[in-house]
Amino acid sequence: MKITVEIQRFNPESDSKSYTQKYKVDAEPTDRLLTVLLDIKGTQDPTLGIRKSCAHGVCGSDAMVINGKERLACKTLIKDVAQGEGAVIRVEPLRNLPIQRDLMVDQHKFFKNYMHVKPYFMSSEEPKEKEFRQTPDERQKFEEGTKCILCVSCYSACPVIQEVNPNFLGPAAIVQAARFNDDSRDEGFEERLLQLDYPDGIWPCESRFECTRVCPRGIKITKTINLTKRKIQQHKS
Amino acid sequence: MHEYEALIVGAGGAGLYAALEASKTGKTAVLSKLFPIRSHTGAAQGGIGAALGNLEEDKPEWHAFDTVKGGDYLTDQNAAILLSEDAIQAVYELENKGLPFSRTPEGLIDQRRFGGHTRNFGEAPVRRACYAADRTGHMILQTLYQQCIKNDVVFFDEYYVLDVVMEGQRCSGLVTVNFSTGEIHIFKAKAVLFATGGFGRMFRITSNAYANTGDGQALLINRGVPLEDLEFYQFHPTGIRGLGILITEGVRGEGGILRNAKGERFMERYAPTLLDLAPRDMIARAIHSEIQELRGIKGDGSVDDFIYLDATHLGKEKIEAKLPDIAEFSRTYLGVDPADKPMPVHPTAHYAMGGIPTDLIGRVIFNSQGTTYEGLYAAGECACVSVHGANRLGTNSLVELIVYGRRAGQHMAQYVKGADFGIVPPDVGEPARARLAELQSQRNGPDPESLRQEMQRVMMENVGIYRNGENMAKAKNTLGEMRQVYTQIKANDPSKAFNTQVLEILELGHLLDLAYMMTACALNRQESRGAHAREDYPERDDKNWLKHTLAWLEDGKIRLDYKNVDISRWAPKPRKY
Ligand SMILES: Cc1cc2nc3c(=O)[nH]c(=O)nc-3n(C[C@H](O)[C@H](O)[C@H](O)COP(=O)(O)OP(=O)(O)OC[C@H]3O[C@@H](n4cnc5c(N)ncnc54)[C@H](O)[C@@H]3O)c2cc1C
Ligand code: SF4
Ligand code: FES
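Chains as they are written, first to last, in my numbering: chain A, 274 to 510; chain B, 782 to 1358.
These are calculated hints, taken from the structure and not from any lab test. This one's a predicted model, so the numbers in the text were calculated from it and none came from an experiment. Where hints are given, some of them may not hold.
Unchecked claim - Keeping only pairs whose Cα atoms sit at most 35 Å apart, straight-line, the calculated DSBU-like set for lysine-lysine is:
id: 1; chain 1: A; residue 1: Lys275; chain 2: A; residue 2: Lys382
id: 2; chain 1: A; residue 1: Lys493; chain 2: B; residue 2: Lys1338
id: 3; chain 1: B; residue 1: Lys1099; chain 2: A; residue 2: Lys342
id: 4; chain 1: A; residue 1: Lys385; chain 2: B; residue 2: Lys1103
Sequences are here, hints too, so could you generate the full structure?
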């Protein structure tokens, strides 16, 4: 089917501000949007800037705003975002981070916040046996957080970062902290607590659910944040 | 100029493990063209093999034997024994670093069946693959990256390595370009490890990421380093129809069955004992034959025909618990819930058995006697130890990353303590700078995109699952011509910073060099062994071909030599399953 892809463009070496460029393409309804964008890059405009790698939704490279919503381009089929001949798909870079070029944003702040929560396993003891024992139920308790691919979608969609507090730690960092806090083998809760329990830490979250709505891994982010808040409150009282 | 004792190129499983080890004593940095957690190790699904025996009796010796037999006896047996013995410790170490493995009711690491992994030297499938649902690679990559953060490992993210600095047989640094500025950066080092992964992107249908373009291998061949056993390239039997996205062997490990248009479990005819859990090369050929004999689902024998992978009998609960990502891929890309309907699949280009030749501690080898360079290491998919021989077993790549990544890292840590920095001439970046300037010289040249598509077609049609001399000879000529055309390519994007087009053109050059070399090696090997199946030489020929190929690319010509295979433990036997 014939569709138009409207892409927000910006090249810091030649543009003073962003502008929209339209490309007409012929695409199958079952094509991945990433494939279509790369076709545009390969055959119409090689200057289009975009990050990509795995092409099937597991590496987190190609999150962008598609028709107003954060999605992975490789996990978005044309039929998901364009209905019928002549449909228009609008593609923009992620929000809440500086644009580097076209669809690429500077993710340093996101990763800095991620590292801030000490997102790694901490244990003072060696396991008694070869492995730390953990029942399937205990393992299930932190399943949600292990799914995160650090794609930045939730950070981009967060209305609190957009409207209230640009220094808010952001959803993904809290999900990553919870992944360890809820792991029966881990002993880092107290240390991570310091990284979460401060004004720009976990508390700015207003449970607006935008993160949960966009997460391509289906992580129940808002719920995880609220459970973590409760855990901190219980610990302090 | 940056100065580090140890430099690691690549932040997949192999690179990160090596970095953790090397940084214990040496000043270490990791350079990666992708953000580390975007590396392709994160896409690995099914499992990591180790004879823990958590569910049933198992032994490293059985694992080693399976690896050797799976590799059609081209596997170096000493390397396979080491792999299977160290695998156990490696898996426990990953667990102790926090890796969230799936668990047995008793709280032990759970294990599942995988192709070619058997009990007691081939009797029946064994539960050997340790796994974290169908996200094992994701968990390994995350765990290792987390540990690197914990241990303050230094990263240069989105630095693209363009060249390696060699002084004779010694490596003393790297030439790189910083993606965010387009500036050339020179790194001086005592030791350099390449862990740059595979090159599936030379084929049209592949499970591999866009980033898998064989950069490390290609940079080294241009510095006179040979590559080993390049002719052995694995097609995984079950890629999503048309897209090549991988459906893990773990589906069959959990009980999934391959069926043709008549609904037959056709593997009964090809591998009566292991059935759907036979090694990948055999299953890929079986699918190819079913399609050729018009028993594919479409039934027209065409290149895009396919067969079914049926998991419906496993039930929704088991699928969602053990194979959640597979279920999601199937729903997203096929519109099929695997609990309701079988998945349409066909083989997809997956894994390079061959690569940069190394010894058992990751040092790169430069001749048939096994002499090594100084300060130059390789590990992971880009390397060839060789543990996979002519065909890799599932779960053995992740083991290799950990076992040999660690061994290389440990040796580097020790080596850099006794070594001095070499000499890196101040103008060493000039050729790379000139190359980039030439690419961006704003003249007209041939179109890179059509060249890429043509290469992928040529490789898929002529150097795929089945090969023959006539077609490969033609393909080799075509690829030789394409390499000429390539030299004329220019980039249209004049920007310095964030220039993806320039890097993609360089990557295309790497793929073309490797495709050309692979075709030459495959044409040269006049037998069928493992993944290398010649229609004109259908038998394995141990008398003439039980040897590793070493290949050099010299002024556009291929030079070949051979290296002995270690067969110190098991005498080669015909391979039946
Ligand atoms: C879909 C899929 C599923 C798989 N499932 C399994 C499984 O279940 N079990 C198993 O054992 N194996 C599996 N494999 C195989 C296995 O995952 C890979 O072989 C392995 O992860 C490769 O790891 P690596 O560390 O060698 O390289 P990669 O993880 O590919 O990393 C390569 C690194 O090199 C960097 N790099 C490359 N070129 C450059 C350059 N020019 N400059 C700077 N940096 C560079 C990249 O940025 C990246 O960080 C699977 C493979 C695929 C494709
Ligand atoms: S929580 Fe979800 S949306 Fe946020 S970074 Fe992780 S995977 Fe992406
Ligand atoms: S390219 Fe990896 S998530 Fe889309």
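Subject >> Hint check against the structure, violated hint numbers in rising order >> reply: The structure breaks hints 1, 2; every other hint is satisfied.
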